[in-house]
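Going by our numbering, the sequence shown opens with residue 1, and the numbers climb by one from there.
By construction, these hints were calculated from the structure, which means they are not laboratory data.
These numbers come from a predicted model, not from an experiment.
Below, simulated SDA-like cross-link-like pairs (lysine to any residue); rule was C-alpha separation at most 25 Å, straight line:
no. : residue 1 : residue 2
1   : Lys38     : Glu28
2   : Lys44     : Met63
3   : Lys38     : Ile27
4   : Lys33     : Asn20
5   : Lys44     : Ser64
6   : Lys9      : Leu25
7   : Lys47     : Leu32
8   : Lys38     : Arg58
9   : Lys38     : Thr59
10  : Lys65     : Tyr55
11  : Lys47     : Gln37
12  : Lys33     : Arg45
13  : Lys66     : Leu46
14  : Lys44     : Lys65
15  : Lys65     : Arg45
16  : Lys47     : Val57
17  : Lys9      : Asn20
18  : Lys65     : Asp49
19  : Lys33     : Leu46
20  : Lys38     : Val57
21  : Lys77     : Arg60
22  : Lys44     : Thr59
23  : Lys38     : Tyr52
24  : Lys66     : Tyr55
25  : Lys47     : Lys66
26  : Lys65     : Tyr52
27  : Lys9      : Gln23
28  : Lys38     : Phe51
29  : Lys65     : Leu46
30  : Lys47     : Lys65
31  : Lys44     : Val57
32  : Lys33     : Ile22
33  : Lys44     : Ile29
34  : Lys66     : Leu56
35  : Lys33     : Asp49
36  : Lys9      : His21
37  : Lys38     : Glu54
38  : Lys9      : Ser24
39  : Lys47     : Gly62
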Amino acid sequence: MISQLIFGKNGLLGQHRLYNHIQSLEIEIDSLKVELQKQQDENKRLKTDSFYLEYLVRTRYGMSKKDELPIQFIDIKKEKPATLPTDE
1 MISQLIFGKN
11 GLLGQHRLYN
21 HIQSLEIEID
31 SLKVELQKQQ
41 DENKRLKTDS
51 FYLEYLVRTR
61 YGMSKKDELP
71 IQFIDIKKEK
81 PATLPTDE
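Taking the hints into account, I'd like the entire structure generated from these sequences.
What follows is the structure, encoded as structure tokens:
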């Protein structure tokens, strides 16, 4: 009887496992709510903020306005230096 109370399906250990599982699910729900809010804010901003939309189009897709000359800057620290051919 006592072992059933402690180790049974609905015993103390089972209840403790369920409690921990519920806590982890609540934490996951909270983080998903935060992520959803970020996505909704981004969606609203894309619909209403033309300057932000232009910024994204220019930076992500390299697009430019008519008669504009797009210029890309290369980070020389990340680029490998050019090697000259050797006469061997």
